[in-house]
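> Guided by the hints, dock chain V onto chain D, whose structure is given.
Chains as they are written, first to last, in this note's numbering: chain D, 1 to 376; chain V, 1 to 376.
Possibly wrong hints are sitting among the right ones.
[Claimed, not checked] Computed cross-link-like contacts, DSSO-like style, restricted to lysine-lysine with a CA-CA straight-line distance of at most 30 Å: (1) D/K94 with V/K108; (2) V/K151 with D/K108; (3) D/K273 with V/K78; (4) V/K362 with V/K372; (5) V/K346 with V/K263; (6) D/K346 with V/K233.
The set of hints was computed from the structure by calculation and includes no laboratory data.
Protein chains: 2
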Amino acid sequence: MKTSKNRMNLLLVGGGADAVNVRYACGFTAPDPFLFLQKGAERHLLVSMLELGRATALGEGVHCHTADSLGLKAAARKSLGKQAAGLIKHLGLKQISVSPVCPVGLVKDLEKAGLRVQVMRKPLFPERLLKNEEEIRHLRASQRAAVSAMKAAFDCIRESRIDKKNRLLQADGSQLTSEILRRKIEVVLLEADCVAEEIIVAGGDQGVDPHERGHGPLYAGQWIVLDIFPQSKVSGYWGDITRTVMKGRPSPEQKHQYQTVLKAQKNALSQVKPGVSGKEIHEEICRQFVEAGFETGLIDGVPQGFIHSTGHGVGLEIHEAPSVSPLGGPLEVGQVITIEPGLYYKGLGGVRIEDTVVVTEKGCSILARCSKDAGL
Amino acid sequence: MKTSKNRMNLLLVGGGADAVNVRYACGFTAPDPFLFLQKGAERHLLVSMLELGRATALGEGVHCHTADSLGLKAAARKSLGKQAAGLIKHLGLKQISVSPVCPVGLVKDLEKAGLRVQVMRKPLFPERLLKNEEEIRHLRASQRAAVSAMKAAFDCIRESRIDKKNRLLQADGSQLTSEILRRKIEVVLLEADCVAEEIIVAGGDQGVDPHERGHGPLYAGQWIVLDIFPQSKVSGYWGDITRTVMKGRPSPEQKHQYQTVLKAQKNALSQVKPGVSGKEIHEEICRQFVEAGFETGLIDGVPQGFIHSTGHGVGLEIHEAPSVSPLGGPLEVGQVITIEPGLYYKGLGGVRIEDTVVVTEKGCSILARCSKDAGL
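Next comes chain D alone, as it looks inside the complex (with noise of 0.2 Å):
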């Protein structure tokens, strides 16, 4: 459990768009919605009787109650607004603050229970963003098991076969599909009690829309990037990282391209450090980009090129502050980005490489090693 410095009355949703702040305040995570409120330093919860077991094991630092314990009326237990609004009162407090994403008809419902809602506009948890020694093991320990399901794809397509007749892959006697590959991705995370939804397996033009999660059999003589980001299912921290690779030989083009993204990803990681800002990492990659002759637009209707930012920072949620992007501010110890260019275009395909790191005093470090050989 985090000791925030805030010392708000705060009100926010578990179970909804607020479920990771929830889960940075107290530990506490549920499938279904719940509330939390901090009152200056106390902390509680409101539970259905169902979560009622789980939430009490929290210990004392956190003050459990449900409907029953507050005396809810069978009306005010019919909505979480009003259960709020209850809570609220049942505390003493007459004004509460919540943060931007909490639920429009929830704030509507506690006004009109006669309480003054203040909506948030600087981030609830700032501290949130500099990640300590036990959530950058947390962190690590996501980014090893995505290496190692990494590695696994990089043996599948290392003993594949090419099917000389069409340029098909072939394993286990039979065609290898983006789904076989994903499937024994998955395994591997699921042996370390990690989930990912979203993997990444994507051949050829594919890989070109850079969320387009891939299907269908692989060719040699193609890229296939593969993105893996999993979740841990017990400390609820992401790992992520993304490598391009290539079965048979590559055009002087798609070398061309493979080489400049590298190229870029290893000068931004040497550029990560404090005080240097995420917009100045992702310009000198699209200044590299654009010097070796890799224009980014529409062509043909189709974005491609570089068409997405640098990185993002990792914690709690897959996509969090701070944005290595033309919105990036100055990096500092103890945040955990990606570094991750990619070139796309239709007929060479897409190349995107990404490591995980955490900015230290000196520069960053990678948080778990993975070889960026192409030719496997």
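Here is chain V on its own, set in the frame of chain D:
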């Protein structure tokens, strides 16, 4: 894609609390927040460049926008609220409806931009409660995956051996634990392209805390609660099934406990039909439990007995309307609900039996059948 009868001007945030409604409305999902706007019969999406390819693939029924295509200035790109205001103005609207779970900060941004915002109180898509044939096919597929996984768990427990010394279960030469059994279940679900983050395999008194996932070795002579609720990665629809089994012989009290839950569950299934209320079904189970000598309430500070509701709707959310509980209204044809009574006592352990059914003209149909033989 669903054709909704409602023709209002409605803004929803995808990737947040409203993600499920957006998925229902236009079939689109994305890991990061994006905007869905319904203007009368028109559907619009505002997505990042990253998602434009997938969004455009939805076809002509959906108009796709990006910050670029709207010509938004840098300042307006920094917040989702400002982007939303840009889209609303671009479409020539001066007022807009939002759902009760819309982030309050976004509503404030819209108001600041001079727009009138109406928070809807009625369900956005009441037709979501009544599943059409395609949806039932998806639900049945997820439920079948859950049953396959359940059978794999049954096989493993059936084939386990009892260590005479300490009553521990042994499988494949080592102790059988909740974790091992859960992993076997997860692998079967993966093969069916489903994910399930919170499978419950809870032995003995762990099963008395209904949201304890279960951990550590499993014993003969103790109930093992197996609650499997997978979501299809493809369709997004869920399945939900619970069985309770035992290796070795139950005590007379445990046998009575199991038979009481089984009888109540079967009675409840036979009661389900259009017009009967969830409240009636729930109260009948409560009555039967009391009659059989099983009381509900706090015992030694722990909620015990029948401590949850009888059931819930299942669809694109694992817990959705309607409710089969004291709050439950009359059932309608096409609703998909669980029927899952249970009895939980420290010392005896937990017993829960759950099926997912679709309400039909004459009663209900179980989505996928599975043995209820507790002795395997």
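> Starting from the hint list further up, note which numbers the structure goes against and sort them upward.
2
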